[in-house]
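Each chain, written out:
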Amino acid sequence: MIVSLSIALLLAGVGFFFAGTVGLLRFPDVYTRLHALTKADNLGLGLIVLGLMLRAETGAAAGKLLVIWLLVLTASGAASQLVASWARARRIRPWQG
Amino acid sequence: MISQLAGLLGRFTLFLGIWWLLTDGRQAGLMFGGGIAAAAAMLPLAIAEPRDAGKPRALLPTVLRGLVLLPFFLWQSLYGGIDVAVRALKPRMPLAPSVFDYRLRLPPGPAPVMLASLVSLMPGTLATVSGARLRVHVLDATRNYQDELELLEAQVAWIFDVALQAPQAPAPNVWQHSTEQDV
Numbered sequence: 001m002i003v004s005l006s007i008a009l010l011l012a013g014v015g016f017f018f019a020g021t022v023g024l025l026r027f028p029d030v031y032t033r034l035h036a037l038t039k040a041d042n043l044g045l046g047l048i049v050l051g052l053m054l055r056a057e058t059g060a061a062a063g064k065l066l067v068i069w070l071l072v073l074t075a076s077g078a079a080s081q082l083v084a085s086w087a088r089a090r091r092i093r094p095w096q097g
Numbered sequence: 001m002i003s004q005l006a007g008l009l010g011r012f013t014l015f016l017g018i019w020w021l022l023t024d025g026r027q028a029g030l031m032f033g034g035g036i037a038a039a040a041a042m043l044p045l046a047i048a049e050p051r052d053a054g055k056p057r058a059l060l061p062t063v064l065r066g067l068v069l070l071p072f073f074l075w076q077s078l079y080g081g082i083d084v085a086v087r088a089l090k091p092r093m094p095l096a097p098s099v100f101d102y103r104l105r106l107p108p109g110p111a112p113v114m115l116a117s118l119v120s121l122m123p124g125t126l127a128t129v130s131g132a133r134l135r136v137h138v139l140d141a142t143r144n145y146q147d148e149l150e151l152l153e154a155q156v157a158w159i160f161d162v163a164l165q166a167p168q169a170p171a172p173n174v175w176q177h178s179t180e181q182d183v
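Chains as they are written, first to last, in the numbering used here: chain A, 1 to 97; chain B, 1 to 183.
It should be emphasised that the hints constitute simulated quantities derived from the structure, not laboratory data. The beta carbon of each residue, even a glycine, is placed where N, CA and C say it ideally should be. Incorrect hints may appear among the rest.
[Said to hold, decoys possible] Which residues of chain A face chain B? A partial, calculated answer using Cβ under 8 Å:
| no. | residue |
| --- | --- |
| 1 | 4 |
| 2 | 6 |
| 3 | 8 |
| 4 | 12 |
| 5 | 16 |
| 6 | 34 |
| 7 | 40 |
| 8 | 55 |
| 9 | 67 |
| 10 | 69 |
| 11 | 95 |
| 12 | 96 |
[Said to hold, decoys possible] With the Cβ distance kept under 8 Å, some of the chain A side facing chain B (calculated, not the full set):
| no. | residue |
| --- | --- |
| 13 | 22 |
| 14 | 39 |
| 15 | 43 |
| 16 | 51 |
| 17 | 56 |
| 18 | 60 |
| 19 | 61 |
| 20 | 64 |
| 21 | 85 |
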């Protein structure tokens, strides 16, 4: 039961990483690509971390995975703001369709 | 004084907990980790400027209040991830991006940066702090984001225990479409 739930979470996580990468390749400009990276990849990583936590042997290992996810979440939030400000400072116009 | 002590103890517990996680709960390095955790817990006393009036802000209450709202943020981030994944995978890729300014009611400091990070996890929005405004890039310009942003801003104010103030930015009152790229 736990194993199949874990597998489902891992597969869902991979799916979001895939969608995030597709977005990174298909989306038209730096801002829209940041949307794909921050949201889809964080969610993908969160699901993978959840799936791995179900298989962790110790509580500490599970907690460590959770801390990794929180750190990546913080880092990617900061990174997306930095990239967006950089693009704005370079006066890169948002794609308008 | 009491609140400072509580903050110190809270930080020490938090850092020791992180040490415990990183060492897989092994006892061998606990003395070392305890010393480092104590030093890290005391560091803010040395580098933080003294708070002027009444409101002491310790790290721990902020962390705890953040944890209370974590389910909401996780839910929104799940929705945001699904939204952008669907847009990326649909063959005709439904995008109607636009940029808006949101006038911040949060005082300057870490709170607006936290708000911008959270906004970037919400469905369809990506934000950077620009002075007293939040510059928000949205994937779907046909939607109105004002209410969501106001709610989120109020929650961040609660987490950081700061009061919302009247918007400082001179710009217009409501959502304003800004295509010009002022920096």
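Flag every earlier hint the structure violates by its number, smallest first. 1, 2, 3, 4, 8, 10, 16, 17
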